[in-house]
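Q: In case you want the letters, here they are:
Protein chains: 2
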Amino acid sequence: MASYEAHRATVEDALSGLFVDAWPARFGEVLRYPLQTGGKRVRPVLCLTACEALGADPASAVPAALAVELVHTYSLVHDDLPCMDDDDERRGKPTVHRAYDEGSAVLCGDALLTEAFRVVLGGPQGGDAKVRMVQRLSDAAGYRGMVGGQAADVGLGGPVTDIDTLLALHRGKTGALLAASAVLGGMAAGATERQLDALERYGQAVGLAFQLADDVLDAEEDAGDDGPPSYVKLLGIDETQRRAARLRDDALAAAGALPQPAGLEAIARFVVDRQH
Amino acid sequence: MASYEAHRATVEDALSGLFVDAWPARFGEVLRYPLQTGGKRVRPVLCLTACEALGADPASAVPAALAVELVHTYSLVHDDLPCMDDDDERRGKPTVHRAYDEGSAVLCGDALLTEAFRVVLGGPQGGDAKVRMVQRLSDAAGYRGMVGGQAADVGLGGPVTDIDTLLALHRGKTGALLAASAVLGGMAAGATERQLDALERYGQAVGLAFQLADDVLDAEEDAGDDGPPSYVKLLGIDETQRRAARLRDDALAAAGALPQPAGLEAIARFVVDRQH
Chain A
35 MASYEAHRAT VEDALSGLFV DAWPARFGEV LRYPLQTGGK RVRPVLCLTA
85 CEALGADPAS AVPAALAVEL VHTYSLVHDD LPCMDDDDER RGKPTVHRAY
135 DEGSAVLCGD ALLTEAFRVV LGGPQGGDAK VRMVQRLSDA AGYRGMVGGQ
185 AADVGLGGPV TDIDTLLALH RGKTGALLAA SAVLGGMAAG ATERQLDALE
235 RYGQAVGLAF QLADDVLDAE EDAGDDGPPS YVKLLGIDET QRRAARLRDD
285 ALAAAGALPQ PAGLEAIARF VVDRQH
Chain B
35 MASYEAHRAT VEDALSGLFV DAWPARFGEV LRYPLQTGGK RVRPVLCLTA
85 CEALGADPAS AVPAALAVEL VHTYSLVHDD LPCMDDDDER RGKPTVHRAY
135 DEGSAVLCGD ALLTEAFRVV LGGPQGGDAK VRMVQRLSDA AGYRGMVGGQ
185 AADVGLGGPV TDIDTLLALH RGKTGALLAA SAVLGGMAAG ATERQLDALE
235 RYGQAVGLAF QLADDVLDAE EDAGDDGPPS YVKLLGIDET QRRAARLRDD
285 ALAAAGALPQ PAGLEAIARF VVDRQH
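Protein sequence lines, in the order shown, are assigned to chains A and B.
Position in the first sequence (first residue = 1) + 34 = this note's numbering.
Position in the second sequence (first residue = 1) + 34 = this note's numbering.
Here chain A stands alone, though its shape is the one from the complex:
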């Protein structure tokens, strides 16, 4: 079984080959810039690890892994725009619209998203499997998933004052793509419906646990009342931690139904128990 770091190195290597042929050449530079982040690459590693959990060669899931990372990266580029979160830096580097300009950042995100739907087709799977993968990627990324959650997050659903609305927001904003990362890895491996269900449950639980753990970390860093609605504000820190631990256990139980669950189990533990 490959380690998290080995999978991450595979992802970095594959990402470095993207957009080298872009025209105009300077646009290629803009497109590659947000992909060189030194990020944790949780989604693509999850995708490769899910493929491996089924006993398949993770190489067959590399195209799907790239696709989910492209979708994640585009969402950050657009999220950072002045009309969204207005962030000047990400991981210590100027954001795309600061390093270049806003128009380039909009087009950059557009191109990364579009390329995800080409890249996901690059594996050894048959046509019907690839069609399912495209459909799942669109569901997770679009208005039924990530963008719907972001729309709720920018206030298009009104203020978020109860736990059910916050859960729905996060199931879209972060949960949908994390769950799809696991499920796409399974689809790439030719998983049975039952195994895909287990990966779905695993991914949903890890996605939500990720958000709860994030809220706990944010609350420990800054006890202020401003900022977005959070589980800690609605539930308190102890109940948020209890729920995150319960979700981790749900994820571990779901992974346990798969042939080689060790990698997925390690990710579920890492997501909840991480310190940053």
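If you're looking for bench data, these hints aren't it; they were derived computationally from the structure.
Heads up, the beta-carbon is just placed ideally off N, CA and C, and yes, glycines get one too.
Among these hints, one or two may not hold up.
Said to hold, decoys possible - Short derived list, chain B residues pointing at chain A, Cβ under 7 Å:
| # | residue |
| --- | --- |
| 1 | 56 |
| 2 | 137 |
| 3 | 141 |
| 4 | 144 |
| 5 | 148 |
| 6 | 164 |
| 7 | 172 |
| 8 | 176 |
| 9 | 184 |
Keeping the supplied structure of chain A fixed, place chain B upon it in accordance with the hints.
A: Then chain B, alone, in the frame of chain A:
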């Protein structure tokens, strides 16, 4: 053979069923807003007409037609943003970022684009054909096509001072999606490689003719020297008109190789000879 208006009515009907289940509900409203334009729907009608030119039922190309219209519409929503063309109105209605706000307009475009890759899967074709359609849509919409052309248009390739660069810009910005509209209609109909080549030549010629005719119309309305680079500025109005007519004839010749070319021929004539 169905008329342009009959195809257009089919497109309007199919578009009206999109995003009715969106959450938050107000986001659904934002998503439907730019689709209700009263536009000519050239791309989806071209797609349906190409399918029909092969003797197939155009109903099998409705999903592809919706997909190209979603891609076109998202590109307008993002193009209109203050950091791009900064347009307040489109077809006499406030643009999305004016009717709502900039963040909503960014997310709206993102969701329309993402949905295109789900919608295109909705036809009766087999998995392998659908995979080709997704790949072609991504090529046409992304950095190899439309977004690459837009990147050149916002200056990422430097100033456009020669005809070859202007041609490359427009092959991307408008030509790629118009050509893909014809080719996707052919793929939906199960066209042979030879027929797809004819549709490709037809679509490339019509796409470029469309741009040349636009430049002529713009020059007749406003003889000023400001505004973007244009064929009229580089070639003069007479040579631009001659080239547009030659491209129309290329398109007619390419369409002539297909079983039922009348609809495609009418569109090629309309594009070059239109008065607005």
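Q: Each of the hints needs a verdict: does it hold here or not?
A: Structure-based check of all given hints:
1. 56: The hint holds - residue 56(B) has a Cβ within 7 Å of chain A, the shortest such distance being about 5 Å.
2. 137: Since the shortest Cβ distance to chain A is 5 Å, the answer is holds.
3. 141: For residue 141(B), the interface hint holds, since the closest Cβ of chain A sits about 5 Å away, which is under 7 Å.
4. 144: 5 Å, holds
5. 148: 4 Å, holds
6. 164: OK, holds: residue 164(B) within 7 Å of chain A, min 5 Å.
7. 172: 4 Å, holds
8. 176: This hint holds: residue 176(B) lies near chain A, its Cβ roughly 3 Å from the closest one there, short of 7 Å.
9. 184: 6 Å, holds
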